[in-house]
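Put together the whole structure using the sequences plus the hints.
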Amino acid sequence: MSFESLLLMRHELLLLLAIVLLLIAEIGTNDSQKSIISPLAIILFALHTIVGFLPLQEGSLFGGMFNTTNIVATMKNILNLGVLIILLQSWKWLNAPENKVKVSEFYIVLFSTLLGMFYMISAGDFLMFYIGLEIATIPLAALAAFNRQENKSAEAGIKLLLSSALSSGILLYGISMIYGTTGSIYFAEISQSITGFEPLQVMAMIFFFSGMAFKISLVPFHLWTADVYEGAPVAITSYLSVISKGAAAFIFMVILFTVFKIFTPVWQDMMTAIAILTMTIGNLFALRQNNLKRYLAFSSIAQAGFILLGIISGTATGMATVVYFILVYIFSNLSAFGVVSIISAYTGKDSISDLNGMYKTNPKLSLALTLALFSLAGIPPVAGFFGKFFLFTAAAEKDFYILVLIALLNTIVSLYYYLMPVKAMFINKSELPIAYFKTDKISQLGLAISIIGMVVIGFASPVYETILSFCFGI
Amino acid sequence: MNVIFFYIIAAAILGFSILSVTSRKILRAATFLLFVLISTAALYFLLQVHFLAAVQLMVYAGGIAVLIIFSILLTSNVDFTFEKIDWKKQLFSGLLALGGAAITILTLLQFNFKALIQPQTVTPDIRSFGRAFLSYGDGGFVLPFEVITVLLLAAMVAAIMVAKKSKQ
Amino acid sequence: MFLYDFTQLTSSIHSSLVESFGEGALTTTIELAIAGVAYLIFFAVLGLFLVYLERKVCAFIQNRLGPMRVGPWGLLQTIADFIKLLMKELIYIKSADQFLFNVAPFIVITASFLAIGAIPFDKGLQVLDFDIGIFYVAAVSSLGVLGVLLAGWASNNKYSLIGAMRSGAQIVSYELSVGLSLMTIIVLAGTMQFSEIVAGQADLWFIFKGHIPAMIAFVIFLIAGTAETNRGPFDLAEAESELTAGFHTEYSGIKFALFFLAEYINMFIVASIATTVFLGGWMPLHIPGLEGFNHVMDFIPPVLWFFMKAFTVVFIMMWFKWTFPRLRIDQLLTLEWKYLLPLNLINIVLMAVVVLLGWHL
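Heads up: the protein sequence lines correspond to chains D, A and V, in order.
The first sequence begins at 7 in our numbering and counts up by one.
The second sequence begins at 43 in our numbering and counts up by one.
The third sequence begins at 76 in our numbering and counts up by one.
Simulated from the structure, these hints should not be mistaken for lab results.
Here the structure is a predicted model, which is why all the values come from computation and not from measurement.
Fair warning: there could be bad hints in the mix.
Covered stretches of chain A, going by a simulated chain D footprint (3 or more residues, C-beta under 8 Å) [as the list claims (entries may be wrong)]:
id: 1; segment: 147-155
id: 2; segment: 177-190
Counterexamples of contact, computed for chain A against chain D with all Cβ distances above 10 Å [to be verified]:
id: 3; residue: Tyr49
id: 4; residue: Thr64
id: 5; residue: Ala84
id: 6; residue: Leu88
id: 7; residue: Val91
id: 8; residue: Ile106
id: 9; residue: Phe122
id: 10; residue: Gly136
With beta-carbon atoms standing in for the labels, derived distance ranges [what the hints assert, rightly or not]:
id: 11; chain 1: A; residue 1: Leu194; chain 2: D; residue 2: Ser41; range: 23 to 31 Å
id: 12; chain 1: D; residue 1: Ile42; chain 2: V; residue 2: Phe181; range: 54 to 62 Å
id: 13; chain 1: V; residue 1: Leu107; chain 2: D; residue 2: Pro226; range: 50 to 58 Å
id: 14; chain 1: D; residue 1: Pro387; chain 2: A; residue 2: Asp180; range: 45 to 53 Å
id: 15; chain 1: A; residue 1: Ser59; chain 2: D; residue 2: Pro226; range: 25 to 33 Å
id: 16; chain 1: D; residue 1: Val26; chain 2: V; residue 2: Ala427; range: 21 to 29 Å
id: 17; chain 1: A; residue 1: Ile147; chain 2: D; residue 2: Thr270; range: 25 to 33 Å
A virtual CB, placed ideally from N, CA and C, is assigned to each residue, including glycine.
Structure (structure tokens):
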């Protein structure tokens with residue numbers, strides 16, 4: 007192994023460098039110089055994102071523990087874009103006087119979790135996968151409890167920690183069964199040793215499935231989601247709902263496609279049931295929410311159900327649609343969260359009824375939120391429509407017609423609740439609408455990037471085609 | 043002889059685990075957990091994997107158990123006991139747990155375990171462990187070894203973040 | 076002569092047992108019982124002697140005579156004290172957590188029992204010779220702190236609790252320095268097995284072989300080892316002027332005696348590890364080149380060498396206690412985290428450089 011081959015780990019090494027530089031900056035500055043840390047972190051991360059898009063070779067390192075393929079690199083770039091948008095959107099909130107003391111810690115911990123996700127999605131064995139998963143979840147619990155003095159935030163942190171510990175336990179039990187029956191932790195070797203429907207191995211797969219279902223918050227493993235999303239700061243909620251979920255869904259799909267490919271009929275059946283449950287319950291609960299963050303939490307549960315539609319097909323098209331959907335979902339959800347985050351940073355309000363009559367006072371923000379919700383609902387011309395449409399075709403190709411039908415019905419239900427805030431903003435009258443405020447430039451930039459991405463990606467067909475060319479099926 | 047010891051240790055692990063989850067005093071539960079961890083280390087000693095046993099003692103018994111006990115010392119007092127749970131709930135969750143355990147055990151028994159490596163051919167000595175930790179080729183573990191340091195760093199910074207107070 | 080090599084003695088015991096009971100479980104059980112009883116007796120005698128030694132050394136430093144009345148030079152004093160301790164009432168504390176209160180002293184004493192089993196007193200006079208010897212001792216000695224914490228909490232007494240917390244913080248911190256200073260020597264020795272470490276010092280002790288880094292490591296080990304055994308000047312856990320007796324305030328009779336014994340045994344364990352790792356264990360003092368001198372040294376039995384060195388280290392540790400004033404808790408933690416730990420890390424790198432470049436003797 008030469009040092010040049012370490013370049014395959016470019017994403018990870020650059021991010022690690024950013025973490026170390028931030029640590030040094032935190033140690034080397036005094037209180038009055040702390041204001042440089044935020045710009046420094048964002049500039050470093052933007053550079054890292056740009057360098058990430060340079061072409062990268064495929065290959066594997068460390069005896070197959072670390073693999074880079076084009077699709078993995080693409081996924082990392084998508085996550086990078088999402089995090090960059092979150093960083094820009096959280097600027098205002100993070101630089102508020104009460105949060106200012108922990109700015110550098112926020113960035114260091116956030117970047118570490120992203121690093122964990124990178125290692126998780128390029129893992130070639132269960133050990134690296136698990137370590138990556140833990141780096142991506144344990145520090146997040148602390149981030150969820152960022153405003154520790156607020157009870158809800160502290161509750162969110164401890165709930166996230168406990169539920170992720172439980173799910174890790176289940177996951178590890180499954181992994182230990184696989185190791186016990188095959189004697190290997192490497193994905194490639196395990197997929198060769200699993201030859202038939204051995205009950206114990208099927209059980210291991212079920213444990214693994216349940217553990218991952220916790221992380222992606224699929225029904226019936228979703229109970230932690232709404233409380234954590236509500237209590238955590240908006241930046242962390244958006245991070246949890248798009249970045250964590252996207253990365254976990256991706257590696258979940260890869261492992262099902264490679265390691266458990268013999269059990270495809272089994273997990274397809276399980277997934278059909280869970281997808282139907284997740285979409286339906288997510289949608290039905292979203293109908294009843296008034297708190298914007300809880301509302302988006304249930305909406306993101308429902309969206310996870312849609313992601314399963316792509317995974318279930320088990321084809322290269324299916325994988326491409328999942329990655330594409332994650333990309334679209336990141337942009338649309340972050341647009342929605344961006345508006346919510348700006349509103350809560352400037353006015354401290356976060357319920358749907360507070361939005362009443364907002365179009366009169368803040369027309370631009372109202373339009374942005376409307377577009378975002380259209381995209382989440384899957385209304386053309388925004389990208390969300392194409393994302394969902396591709397998912398449905400991928401599932402239909404493999405004759406999952408009933409599932410697609412139910413998903414379509416759910417989309418109709420979701421239209422109702424995605425339009426509720428729109429109705430509130432444009433039609434409902436209010437005595438005291440949210441007063442006009444001027445959004446700062448950096449938040450505007452963050453919102454603008456996500457909205458432009460959301461609109462443009464729908465029409466830029468090369469994006470989908472490039473992703474499709476990198477993908478593989480069972 | 044080894045079989046007898048195995049059953050003694052296994053009984054200790056099971057017994058202390060049950061005590062640990064049924065005890066209604068929190069520090070007692072932690073102490074029983076400590077005994078479970080120590081018994082597990084004993085099991086490793088019986089299997090002649092000394093390194094793993096010492097790691098189990100050092101990390102779990104000497105590290106994690108100390109942390110758990112420390113945090114209990116900081117937060118609770120002697121008189122505190124958990125409330126008693128309704129017997130209906132106890133029955134329901136007990137049956138559920140038993141059912142799950144029964145299914146798992148039945149599946150485990152069905153599997154025809156084959157020894158993949160002959161135990162005599164491997165001597166797990168400390169030097170081979172050290173090489174495996176630091177080698178970067180096939181079967182080397184230097185990458186996870188190093189990535190865990192990131193986890194520890196992140197966890198430490200995260201803990202500082204949660205504990206830090208603003209100056210006002 | 077078995078004083079020089081205990082393997083003959085142990086193998087003869089083994090063969091005679093095999094003759095009468097045959098190879099199998101029975102022989103193993105009897106051998107285990109013999110070793111256990113031997114260690115118990117050794118524990119008791121050692122504990123009594125160390126307490127006597129402490130009082131004498133203290134008296135010597137304070138220009139007194141110390142115990143003189145019971146037996147010649149007061150030799151039987153500690154035995155008398157011990158009998159008195161055994162006959163004292165075991166006080167039942169109503170508001171304490173009885174189970175934890177009773178189990179705590181046993182955790183402490185078990186930890187020291189497990190640790191002392193790995194110490195080589197002479198060739199063949201060692202029960203556990205793992206290939207991870209030093210690591211094993213570090214691991215099991217980290218269990219002792221649990222007993223202290225439980226004792227402090229279960230007593231339901233604020234002084235005990237404060238003492239236990241201090242002791243916990245102290246032991247957890249200083250464990251790092253103990254481990255790292257031993258690691259420095261592992262770098263030089265290339266093994267963690269005690270028998271190999273001792274064998275590696277046949278020509279010259281490690282403290283001389285590794286010269287500067289080894290000596291720094293030795294000093295750090297002595298300081299951290301003293302702290303880890305909760306002895307003065309680091310005896311904040313039982314600082315009698317502030318906390319009556321710290322974590323064992325509420326204990327009486329034999330349970331108190333167990334804590335007391337464990338403290339002295341732990342001191343001896345630290346001294347034995349220092350002896351084994353730095354001062355050649357049971358190896359006589361050899362200087363390369365001086366053949367005659369080396370032969371003369373060989374006539375002193377290895378067991379004697381071991382105990383001479385160990386008691387010298389014990390004497391130094393007692394000397395610390397009766398010379399230096401007690402530290403405050405913040406000074407204690409500052410000393411460890413800001414001075415000893417960085418110094419230790421640099422020292423390990425220094426030792427690695429020395430070993431790589433072959434600068435050691």
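Status of each hint after checking the structure:
no.	hint	verdict
1	147-155	holds (count 5)
2	177-190	holds (count 11)
3	Tyr49	holds, 21 Å
4	Thr64	holds, 19 Å
5	Ala84	holds, 20 Å
6	Leu88	holds, 19 Å
7	Val91	holds, 16 Å
8	Ile106	holds, 13 Å
9	Phe122	holds, 18 Å
10	Gly136	holds, 19 Å
11	Leu194/A with Ser41/D: 23 to 31 Å	holds, 29 Å
12	Ile42/D with Phe181/V: 54 to 62 Å	holds, 57 Å
13	Leu107/V with Pro226/D: 50 to 58 Å	holds, 52 Å
14	Pro387/D with Asp180/A: 45 to 53 Å	holds, 51 Å
15	Ser59/A with Pro226/D: 25 to 33 Å	holds, 27 Å
16	Val26/D with Ala427/V: 21 to 29 Å	holds, 23 Å
17	Ile147/A with Thr270/D: 25 to 33 Å	holds, 27 Å
Figure legend: structure checked against the earlier numbered hints; every hint is met.
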